[in-house]
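**Q** Which chain is which? The protein sequence lines are V, R, Z, D, F and U, in order.
Just so you know, our numbering puts 189 at position 189 of the first sequence, and the rest follows in order with no gaps.
So the number in our numbering is just where the residue sits in the second sequence, counting from 1, plus 248.
So the number in our numbering is just where the residue sits in the third sequence, counting from 1, plus 496.
So the number in our numbering is just where the residue sits in the fourth sequence, counting from 1, plus 744.
So the number in our numbering is just where the residue sits in the fifth sequence, counting from 1, plus 992.
So the number in our numbering is just where the residue sits in the sixth sequence, counting from 1, plus 1240.
Because the hints were derived from the structure by calculation, they are not lab data.
The C-beta atom is built at its ideal place from N, Cα and C for all residues, glycine as well.
Listed below are the simulated SDA-like cross-link pairs for lysine to any residue, each with C-alpha atoms no more than 25 Å apart in a straight line:
hint	chain 1	residue 1	chain 2	residue 2
1	F	Lys1110	D	Glu895
2	R	Lys366	Z	Val606
3	U	Lys1358	V	Glu109
4	U	Lys1372	U	Ala1295
5	F	Lys1078	F	Lys1126
6	D	Lys878	D	Ser765
7	Z	Lys630	D	Thr813
Away from chain D, derived, C-beta distances all over 10 Å, residues of chain Z:
hint	residue
8	Asp513
9	Gly521
10	Pro566
11	Leu584
12	Leu593
13	Asp598
14	Ala603
15	Arg604
16	Lys618
17	Ser639
18	Ala642
19	Val664
20	Glu701
This is what each chain is made of:
Number of protein chains: 6
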Amino acid sequence: MAKAEGSGGERCQTGIDGLDSILNGGIPRGNTTLVTGTCGTGKTSLSLEFIIHGAEEGEVGLFIAATETPEKLRGSMIPYDFLKPKMLEEKIGFMRLEEIYDAAGVAREVVIDDKGLKSLIKAIVDQVKRKKAKRLVVDSITSICARLSTEDRIRDFISGFSDALAKVDCTALLVSEVPSGSSNYSPYGVEEAVSDGVVLLGNLERQGDLLRTLQVVKMRGTTHSRAKYILDLTSAGVLLAPLLKGGD
Amino acid sequence: MAKAEGSGGERCQTGIDGLDSILNGGIPRGNTTLVTGTCGTGKTSLSLEFIIHGAEEGEVGLFIAATETPEKLRGSMIPYDFLKPKMLEEKIGFMRLEEIYDAAGVAREVVIDDKGLKSLIKAIVDQVKRKKAKRLVVDSITSICARLSTEDRIRDFISGFSDALAKVDCTALLVSEVPSGSSNYSPYGVEEAVSDGVVLLGNLERQGDLLRTLQVVKMRGTTHSRAKYILDLTSAGVLLAPLLKGGD
Amino acid sequence: MAKAEGSGGERCQTGIDGLDSILNGGIPRGNTTLVTGTCGTGKTSLSLEFIIHGAEEGEVGLFIAATETPEKLRGSMIPYDFLKPKMLEEKIGFMRLEEIYDAAGVAREVVIDDKGLKSLIKAIVDQVKRKKAKRLVVDSITSICARLSTEDRIRDFISGFSDALAKVDCTALLVSEVPSGSSNYSPYGVEEAVSDGVVLLGNLERQGDLLRTLQVVKMRGTTHSRAKYILDLTSAGVLLAPLLKGGD
Amino acid sequence: MAKAEGSGGERCQTGIDGLDSILNGGIPRGNTTLVTGTCGTGKTSLSLEFIIHGAEEGEVGLFIAATETPEKLRGSMIPYDFLKPKMLEEKIGFMRLEEIYDAAGVAREVVIDDKGLKSLIKAIVDQVKRKKAKRLVVDSITSICARLSTEDRIRDFISGFSDALAKVDCTALLVSEVPSGSSNYSPYGVEEAVSDGVVLLGNLERQGDLLRTLQVVKMRGTTHSRAKYILDLTSAGVLLAPLLKGGD
Amino acid sequence: MAKAEGSGGERCQTGIDGLDSILNGGIPRGNTTLVTGTCGTGKTSLSLEFIIHGAEEGEVGLFIAATETPEKLRGSMIPYDFLKPKMLEEKIGFMRLEEIYDAAGVAREVVIDDKGLKSLIKAIVDQVKRKKAKRLVVDSITSICARLSTEDRIRDFISGFSDALAKVDCTALLVSEVPSGSSNYSPYGVEEAVSDGVVLLGNLERQGDLLRTLQVVKMRGTTHSRAKYILDLTSAGVLLAPLLKGGD
Amino acid sequence: MAKAEGSGGERCQTGIDGLDSILNGGIPRGNTTLVTGTCGTGKTSLSLEFIIHGAEEGEVGLFIAATETPEKLRGSMIPYDFLKPKMLEEKIGFMRLEEIYDAAGVAREVVIDDKGLKSLIKAIVDQVKRKKAKRLVVDSITSICARLSTEDRIRDFISGFSDALAKVDCTALLVSEVPSGSSNYSPYGVEEAVSDGVVLLGNLERQGDLLRTLQVVKMRGTTHSRAKYILDLTSAGVLLAPLLKGGD
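Make the full structure from the sequences, and use the hints.
**A** In structure tokens:
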């Protein structure tokens, strides 16, 4: 749905150079956005930076990791030039997905059914409320989707989750892992349909080099560029550059 | 089936610049048209505008959403230049698909069987009759199709639905979500065969930019252009421009 | 099997400009031909015109529709320049596939077994005999094939059907719906092998425009061109033009 | 296995201009060859001509058809310039596959098991012996393979069949139907591995025209060209022309 | 693992011009090599020549055929210029796979289980020992793999087989049939991973001609060229020529 | 996550010319890296060299092989110019995966369940601790993944394994076998998501020659080049050269 530049709706600035201008000011606050791409395209780095820049602005962030331990994540974060260790402890919470599963009572279930699905949403939203988090990352939702097992439940999970977060004014990034060689936006093909936005990270082979790219495929509540940008991971954080033109 | 320009059959003007002229005057009234495409191609925006322009002409519209809450949809609609809030309340009804499921008594069923299928059609048509709606959008039918589960029932649903709407002179858009990377018109491959029309929204990558496109693949009861147009989402609504030629 | 031009075997003229000359005089009478293609390629228009031109020549035609109601079909037919309403009533019969299912006693079965398959063939042929039809269209056989469920039964259905029609000298078109994005001649891959002929309707994207094409892939009992033609739907009916060369 | 030109091993001349020279004299007598291709590529025409030319040389031929009735086949054959009706009756036998199924006692079985497989081979070979046939065509084996259902049984059928025919010095063509859009030599992927030869018929799109092509992919017991030839169906029978070079 | 040219490890010369030099002297003795390719690419010819050249050097060879009878194979072998019939009887043994199945007691089993798998390896190795064979061909292993049915058992079969043969210093070629149109090295995707070497035979279409190609994709225990060569089947045996360069 | 060059985090030098400079000093110590590619691309050679160069630096290495026997592996290693036999015995341990299965008590299970999964991780880590190994190779994990059977357990295995190894400061390479013709990073599509790094080995066909390539797709805890390099297997070990540019 088109929205005039500068018009209503508060924005949540990602703090990532270039991305906020692609989005005409940032992600519409309360939106749940899929950050999707194959392995090595920078999904985790972009999501961490979204949380860190929020903390710099005084917003509490929660990072729920399915794979890496909080120690590993903290270890990986140190070299950023702009990172202040104290901020990490005060403003950013790290949790493992397993803790959420335990809280929701679904840790033992192979397939999460409709009841478990609701407990799972509640368990995450409870954490968001308790921590007064304004930014949330779930890295990744792919293993959750696998346990939900039907397309219908994946739809219900993402749309129910997104509704609940909108109510507490929390802006979320859901990381989605696409198998290499796939041209899809998500492994189950429905995640992108029910999300408010889709940020697609990709690879671009150019003269033997494998560049990273970023494209905002969809974002409800704002107009935005859909052009493909080169994404560069540097010690100054994620940088975006137009793919083919010199200036902006 | 070919139909002479200007010849019989009342048209339902979409009000979308360019689309009505592609269709030689609009959608033949009573037709049920599939609006199909991958995520971010503008399916919801186009469908909302179809409803809004109808309201401007005094026609009641009903928008049934599978994913977004009416609040979210209303929120997204505000920035349109031509939008008058009062019109929204008087002429446009928003419902969630869940309300329809409840009315049809299929809310608890995982797979909707032949009996449920008929209840579902009846529940929607009842709403259309009660509201005296002349325009209907179901955004989207993809999760309904998943619950119908067999190709045969999907055919029966769309063709039964289309017959019932034709009788009450209601023109409908059924939004269909195609997974990215697919070159199909629909996820189940039969939806397009039983619809009266197919409007295909797509992406076109050009020099790093991801353009939106629109193509009328099929429309019963009228001749029409099958050329591909560039679709632009602006604060003045959906705009269409020919893909390769300057004027029209 | 090759057949000399002008040599034996009566032809059934389709009345479609160009198609009869592609076929060196028309479809060999008694042949059962698959008319196949994706959505919007003109399968129904071509089939209707085959029936109408037969009626103009005094031959009774029967049109069995799986999806559209006879009312809708009649409504769509009116704008043709050459159409005379009276002819429609006298020479052309419209039936819904459901009536055939009822007559064959398979309306309640999900999967049609070997016995149902024979009843189904008999029910259609009975209608052909009763109406003394010389031309038959089944639009489409795709949902029938889905209910036959095994490749073997699809083969038996089409070849048994084709044998029975040949005996009563009736020339038939069986419409087959191919999902978009498929390069196959039929959804089950066996329909084309057991048909006497295959007319393939397709799309050709040229400079942003989506043209319709026609190709006679196979026709038993006659030599024929296998070249691809441009198919145009006009108020004067289906027109064919060579794809690349000026004249004929 | 390479074999010197002119060296040992009697040949069975197909009588088809060009094919015998591609094969350095004909098919090694006793070989069982797969004739494979999509619909409309000329498999039946080529096989019929193989039988007819044998009859002209005084060799009895047997044609077993899965789909077409003997009447239809005889009807299609008449226009050939070189065809003498009397020869048809004396030297060529036509049977339907169903008669073979009846003789083998497998007519009622959906899946043909190991025992049925042997009965089936025996029933065909018995016919070959009784008629003293030196040439055999089965058009097609695809529905037989479907009923054999496992790759292992398909292998056993073709290799057992081929062994038995070699013992009675009968040269056979087995027609195999490949779905359009497939680049395979056979629907089950094993038929070609166990056959003595593979003749691949194909389509070649050139400037809008759909040409037929022939390629001998494999032939045990002789060297042969593997080049692609243009196949033309004329009233003088099948003609082959080199694809790119002028003469031969 | 790289190995210096001329360095340790005895080689088993294939006797095929070009192949031994591609392999810097031959196949490392005791290696089990997959010879893989689609139908008609020369797998059987190459394997037979490997056995025959061994016999010329005084090494006993064993050829186990899944499809062809020993008679047929012997018949196909005669025309080679270098073939001496006496050698065939003294140095080369031909067996059918069925005999091995009988010896292993798995002839009646549809699926060969872990126990059968070990009996099968033992039955083949027993034959190798009894005949004191230094070269072995199994043409093909594809039907064995089908009966092993799980990827795990296919791995266990090939790696157990390869270990056992290495102990008796026997160099083996395992023929693997790839369906046409596949770009894989094997039908199950694991055969190549557990073999010591992979020789890939392929087709190359050039100006309408279908050339055969050979490529050594992998060979443990030696460096080797991985370039693609043209393979020619002549009465002087298999000949290899570089694909693009004149000399060597 | 980006990390400044030269900044914190100890590196584990692979000793492979070029690879350490691609990684700005080596693999971050404690990382678990997927070495993935189709057959013949050099996965085993690269992994062995990683272990050998560690031994040269005095670090104990453990090589767990799923397919090859330790004898075969030792045999293949001799020709390296830099290899000192004594070092092999003192610093490098070779084990077969079967020994690990026995120790974990899962040798008899077809599917390894959650309990077996933990025993398996423990059994490997126990070996690492006992031998005080600082480098580990598992060649390959593909058959383990097959036995884990669900994507969820594959995730749990790799991430649990990687956590446990990080704690004992052991840097690991997990070899992953991709079927030829696949463009994926792994057979199950999840292995790459939970690994700390992905080194992709591939093939590049150039003028008939099949070159090997290496690309670091992902490496947590360091910046790195993602360009494609030519990988050459020589008697001096693995060599890397830039794909398109002369120098570095």
